[in-house]
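Dock chain C against chain Z, hints included.
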Amino acid sequence: MSDLSSKIEQFIEHYNDVLLKSQNIAYFVRGKEFQEREIERINELIDKFDSIKNECKEANIEEKANLIQCLKYVAISIKNELMFILNLKNDEIDLAWDNLIVAQNMIELSRKNQPYNRDYLIGYQNKLLAYEQILFPKITFHSRGCIVGETQCSICNQNYNECSHIKGKLYMGELCSEIIYKILELEEVSIVDNPDDKRCRTISFGSKDEMKDIFTLRTRI
Amino acid sequence: MDIEKNIDISSKPHFHVFDSNELYILPEEFLNNSSSTENIYIDSTSTIIKFFRINKAEIKTFDKPKFYRQRRNNELFLPPLFIGYTLLSENSTILSVGLNILSNYIYDFFKGKISEKNNVNCEIFIETSPKKSVTKITFSGDEESFQKLTQLIKEMK
Chain Z
0 MSDLSSKIEQ
10 FIEHYNDVLL
20 KSQNIAYFVR
30 GKEFQEREIE
40 RINELIDKFD
50 SIKNECKEAN
60 IEEKANLIQC
70 LKYVAISIKN
80 ELMFILNLKN
90 DEIDLAWDNL
100 IVAQNMIELS
110 RKNQPYNRDY
120 LIGYQNKLLA
130 YEQILFPKIT
140 FHSRGCIVGE
150 TQCSICNQNY
160 NECSHIKGKL
170 YMGELCSEII
180 YKILELEEVS
190 IVDNPDDKRC
200 RTISFGSKDE
210 MKDIFTLRTR
220 I
Chain C
0 MDIEKNIDIS
10 SKPHFHVFDS
20 NELYILPEEF
30 LNNSSSTENI
40 YIDSTSTIIK
50 FFRINKAEIK
60 TFDKPKFYRQ
70 RRNNELFLPP
80 LFIGYTLLSE
90 NSTILSVGLN
100 ILSNYIYDFF
110 KGKISEKNNV
120 NCEIFIETSP
130 KKSVTKITFS
140 GDEESFQKLT
150 QLIKEMK
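For the protein sequence lines, the chains are Z and C, in the order given. Just so it is clear: in the first sequence, position 140 is 139 by numbering that gives the first Met the number 0, and no numbers are missing. Just so it is clear: in the second sequence, position 157 is 156 by numbering that gives the first Met the number 0, and no numbers are missing.
Hints were generated in silico from the structure; no laboratory data involved. Be aware that a few hints might be false.
Said to hold, decoys possible - In silico lysine-lysine, DSS-like type, Cα no more than 30 Å apart, as pairs:
#1 C:K49 to Z:K197
#2 C:K135 to C:K65
#3 Z:K31 to Z:K126
#4 Z:K56 to C:K55
#5 C:K147 to Z:K111
#6 Z:K111 to C:K110
#7 C:K147 to Z:K168
#8 C:K153 to C:K110
#9 C:K65 to Z:K181
#10 C:K110 to Z:K166
#11 Z:K56 to C:K112
#12 C:K116 to Z:K166
#13 Z:K111 to C:K49
#14 Z:K137 to C:K116
#15 C:K112 to Z:K166
#16 Z:K168 to C:K63
#17 Z:K111 to C:K130
#18 Z:K47 to Z:K20
#19 C:K131 to Z:K47
#20 C:K63 to Z:K181
#21 Z:K197 to C:K112
#22 C:K130 to C:K110
#23 Z:K197 to Z:K20
#24 Z:K197 to Z:K111
#25 C:K11 to C:K116
#26 C:K131 to Z:K126
#27 Z:K168 to C:K112
#28 Z:K168 to C:K110
Stated by the list, open to error - Covered stretches of chain Z, as calculated for chain C (at least 3 residues, CB under 8 Å):
#29 108-120
#30 139-145
#31 163-169
#32 189-202
Cβ coordinates follow ideal geometry from the N, Cα and C atoms, glycine included.
This is chain Z alone, in the form it adopts within the complex (with noise of 0.2 Å):
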């Protein structure tokens, strides 16, 4: 156990170490050749996390299994926010606003599921928001509504009606999600300014002669 206690640590400690480099060239005005190398050194950080993942929970340690996956997700954050910020760069803006999607909603699920302290991941989660709000314009969102019938518990297997697991929750490192198999009925879809999944949005206006695109107002072809 103490072997694993010190492994983790010493990951830890690398972690930091990476991401505090990350951050200090996630800014705009970073060249984009250290941008797109920070995101390669990042993909190394992250394939290092299953593995210590996958000894916490055969050690049967939920919390520290949790804990691993909430960095991950920070990491992953990180990642999309650089994407973000070279994609800008390069004009494609759908796929900017995509990163940025992710990476909020990377935040989100770290401070949902941090078993320590949550409240550190504030600041860059605000700071993920006020890209939104500065760089782009507001926009109208898509979000469906419809009937479902039984849905299955991706950590169990089993009717999630029925089991005690808790969508959106992380169980030795792995994520409750609620599977749809069957959608009985789609009753609408409704414009919201504050949806589920803000990748689902508006992308075009103007007539059948001639669509913009929502962020640039190039025409759509």
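Here is chain C on its own, set in the frame of chain Z:
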């Protein structure tokens, strides 16, 4: 928040099946729905029942849910609730526990989110005269306002 008092349920047999000492989750559109064949529950129903189970408390459903309505919206839609007359007037401690568990669920739902608007929507039917009348509260507001609502309900006995 809208409060509709003295809704007559004497001619609504689907309101007469409740144990007035219990807290229930209702299917949507329950007030005017007389058929039980196609009852549709809000999808937060399953998770709320789990929260109660984890806290060793009980919340019942009108019938066994088969269909769930999902809205992929970041607002929280609670299922309609029924608070029985006896529960409110004679077992306020148990009611308090139930409302606290609901508050915990709401807190957990919004945990980790930064949103300009963490909105909760719900309808609560409070039995004011057994099998004769209910008060209906329609609520839409933030977490803090929901706490005030639960306080208001506790004081209604």
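Could you grab the alpha-carbon distance between K168 (chain Z) and K112 (chain C) and see if it respects the 30 Å cut-off? Since the Cα atoms of K168 (chain Z) and K112 (chain C) sit roughly 14 Å apart, the hinted pair holds (cutoff 30 Å).
CA of K116 (chain C) to CA of K166 (chain Z), is that 30 Å or under? This hinted pair holds, its Cα atoms lying about 22 Å apart.
Taking 30 Å as the top limit, are the C-alpha atoms of K168 (chain Z) and K110 (chain C) close enough? holds, 11 Å
Given the hint that K111 (chain Z) pairs with K130 (chain C), test it: the Cα-Cα distance must not exceed 30 Å. Roughly 42 Å separates the two Cα atoms, so the pair is violated.
Given the hint that K153 (chain C) pairs with K110 (chain C), does the C-alpha gap stay at or below 30 Å? Distance of about 25 Å is within 30 Å: holds.
Agreement of K147 (chain C) and K111 (chain Z) with the hint, judged by alpha carbon distance not exceeding 30 Å: holds, 25 Å
For the segment 163-169 of chain Z, do at least 3 residues have a Cβ located nearer than 8 Å to some Cβ of chain C? Holds: 4 residues of the segment 163-169 of chain Z have a Cβ under 8 Å from chain C.
Satisfaction of hint between K110 (chain C) and K130 (chain C), Cα-Cα up to 30 Å: Between K130 (chain C) and K110 (chain C) the Cα gap is close to 38 Å, so the pair fails against 30 Å, i.e. violated.
Pair hint K111 (chain Z) and K110 (chain C), alpha-carbon separation not exceeding 30 Å: Roughly 5 Å separates the two Cα atoms, so the pair holds.
Against the 30 Å threshold, does the CA-CA distance of K147 (chain C) and K168 (chain Z) hold or violate the hint? holds, 28 Å
With the threshold set at 30 Å, check whether the alpha-carbon distance from K11 (chain C) to K116 (chain C) stays at or below it. It is violated: about 37 Å lies between the C-alpha atoms, which goes past 30 Å.
What's the verdict on K197 (chain Z) and K112 (chain C), does the C-alpha distance respect the 30 Å limit or exceed it? holds, 13 Å
Consistency note: the structure conflicts with the earlier hints numbered 17, 19, 22, 25, 26.
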